[in-house]
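Number of protein chains: 2
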Amino acid sequence: MKLKVIWPGRTRNSEIRGIEEYYLKKINQLAKCLIIRSKEAKGIDERFAARIKEIEAIELEKHLKDDYIICLFDKGKEMTSLEFARFLEKVALNSGRVVTFVVGGFLGLDERILKRADFILSLSRMTFSHELSRVILLEQVYRSLAIIKGRQYAK
Amino acid sequence: MKLKVIWPGRTRNSEIRGIEEYYLKKINQLAKCLIIRSKEAKGIDERFAARIKEIEAIELEKHLKDDYIICLFDKGKEMTSLEFARFLEKVALNSGRVVTFVVGGFLGLDERILKRADFILSLSRMTFSHELSRVILLEQVYRSLAIIKGRQYAK
Numbered sequence: 001m002k003l004k005v006i007w008p009g010r011t012r013n014s015e016i017r018g019i020e021e022y023y024l025k026k027i028n029q030l031a032k033c034l035i036i037r038s039k040e041a042k043g044i045d046e047r048f049a050a051r052i053k054e055i056e057a058i059e060l061e062k063h064l065k066d067d068y069i070i071c072l073f074d075k076g077k078e079m080t081s082l083e084f085a086r087f088l089e090k091v092a093l094n095s096g097r098v099v100t101f102v103v104g105g106f107l108g109l110d111e112r113i114l115k116r117a118d119f120i121l122s123l124s125r126m127t128f129s130h131e132l133s134r135v136i137l138l139e140q141v142y143r144s145l146a147i148i149k150g151r152q153y154a155k
Numbered sequence: 001m002k003l004k005v006i007w008p009g010r011t012r013n014s015e016i017r018g019i020e021e022y023y024l025k026k027i028n029q030l031a032k033c034l035i036i037r038s039k040e041a042k043g044i045d046e047r048f049a050a051r052i053k054e055i056e057a058i059e060l061e062k063h064l065k066d067d068y069i070i071c072l073f074d075k076g077k078e079m080t081s082l083e084f085a086r087f088l089e090k091v092a093l094n095s096g097r098v099v100t101f102v103v104g105g106f107l108g109l110d111e112r113i114l115k116r117a118d119f120i121l122s123l124s125r126m127t128f129s130h131e132l133s134r135v136i137l138l139e140q141v142y143r144s145l146a147i148i149k150g151r152q153y154a155k
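As they're listed, the protein sequences go chains A and B. Mapped onto our numbering, the consecutive letters of the first sequence carry residue numbers 1 to 155. Mapped onto our numbering, the consecutive letters of the second sequence carry residue numbers 1 to 155.
Same shape as in the complex, but just chain A:
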């Protein structure tokens, strides 16, 4: 199983960045996974949110290729961790494609990225900060791999 996780820019909170690295290492013991930090839209006033999202979408798109794309989005489909593990296993086996997760930046994902998604996933009914969402996703990916490989992992 080949995995990719893409989001715009570098995580600013250094502790959250540390946890990203922690889970990435754990994931890489079980599957090949790459984090790609695509180019951010810089120097544009936040009032021009649509423009920022569009620029970041163009940058994200450069890395999507022919992958099976899973976008993270509040209004996506919720799953239990077990359902998520089974889903991931099936997708990777059946599609034979790289499974790529896309997480939005501060303003979320542009419509054009959501339209390209093969699947839209929601981590919770709650809204988490985009930086926290990244580590939650990585923890769930690790948990899924542990479930798939029959490893024991924390509840």
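Check before you lean on any hint, since a few could be wrong.
Simulated crosslink set (DSS-like; lysine-lysine; CA at most 27 angstroms straight-line) [stated by the list, open to error]:
no., chain 1, residue 1, chain 2, residue 2
1, B, K77, A, K77
2, B, K149, A, K75
3, B, K90, A, K75
Residues of chain A clear of chain B, computed beta-carbon distances all greater than 12 angstroms [claimed, not checked]:
no., residue
4, R51
5, E61
6, D67
7, M79
8, V91
9, G96
10, I148
Because the hints were derived from the structure by calculation, they are not lab data. Beta carbons are placed, not taken as given, at the ideal position from N, Cα and C, and that holds for glycine.
Knowing the structure of chain A, use the given hints to seat chain B on it.
Same frame as chain A, now just chain B:
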């Protein structure tokens, strides 16, 4: 609004501990909030899970007093962040009691603590590690306070 968050023991992952402190500081700018790390059950083999949970329950109970108790539990009620904020506001106003969140340890919460809960909350259909759940909860508490106080906060 007076808040308390209780869980057994100190968070082992130092980066997660760092994020706990980060959100606690942010929360304390908007409301009084205390984190209590109750005594852990130590030196007992994991095979005796029921005994560990019971000991930790007794230690947790010492801090519950007459508070309005919200337990975190996978099978609890899910809410959006906005619903959670409105709920928290209402509970704090109507009950006039300290609102206390209880998060389980590695093995989760004992039945006797769940029975004492005024409300059982689920952060997601997914299962998060108990240490990660702590920071997710703190982020949601901060987000709620920001919503209640009309502050702007990240999506």
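Please verify whether K149(B) and K75(A) have alpha carbons no more than 27 angstroms apart.
holds (25 angstroms)
Does R51(A) sit more than 12 angstroms from chain B, CB to CB?
It holds; R51(A) is separated from chain B by about 17 angstroms at its closest Cβ, greater than 12 angstroms.
Beyond 12 angstroms from chain B, beta-carbon-wise, is V91(A)?
The claim holds: V91(A) sits with its nearest Cβ about 17 angstroms from chain B, beyond 12 angstroms.
Would the least Cβ to Cβ distance between D67(A) and chain B come out above 12 angstroms?
With a cut-off of 12 angstroms, D67(A) remains clear of chain B, as the shortest Cβ separation is near 22 angstroms.
Quickly compare the C-alpha distance for K77(B) and K77(A) to 27 angstroms and report which way the hint goes.
Distance of about 17 angstroms is within 27 angstroms: holds.
Measure nothing beyond the straight line between the CA atoms of K90(B) and K75(A); if it is 27 angstroms or shorter, mark the hint as holding.
OK: K90(B) and K75(A) at ~26 angstroms, within 27 angstroms.
Taking 12 angstroms as the cut and beta carbons as the points, is G96(A) off the interface with chain B?
Consistent with the label, G96(A) stays out of reach of chain B, its closest Cβ about 26 angstroms off (over 12 angstroms).
Beyond 12 angstroms from chain B, beta-carbon-wise, is E61(A)?
holds (21 angstroms)
Minimum C-beta separation from M79(A) to chain B exceeding 12 angstroms: can you confirm that?
violated (6 angstroms)
Beyond 12 angstroms from every Cβ of chain B: is that where the Cβ of I148(A) lies?
Given that every Cβ of chain B is farther than 12 angstroms from that of I148(A), nearest at about 15 angstroms, it holds.
In summary, the structure is inconsistent with hint 7 from the numbered list given earlier, while agreeing with all the others.
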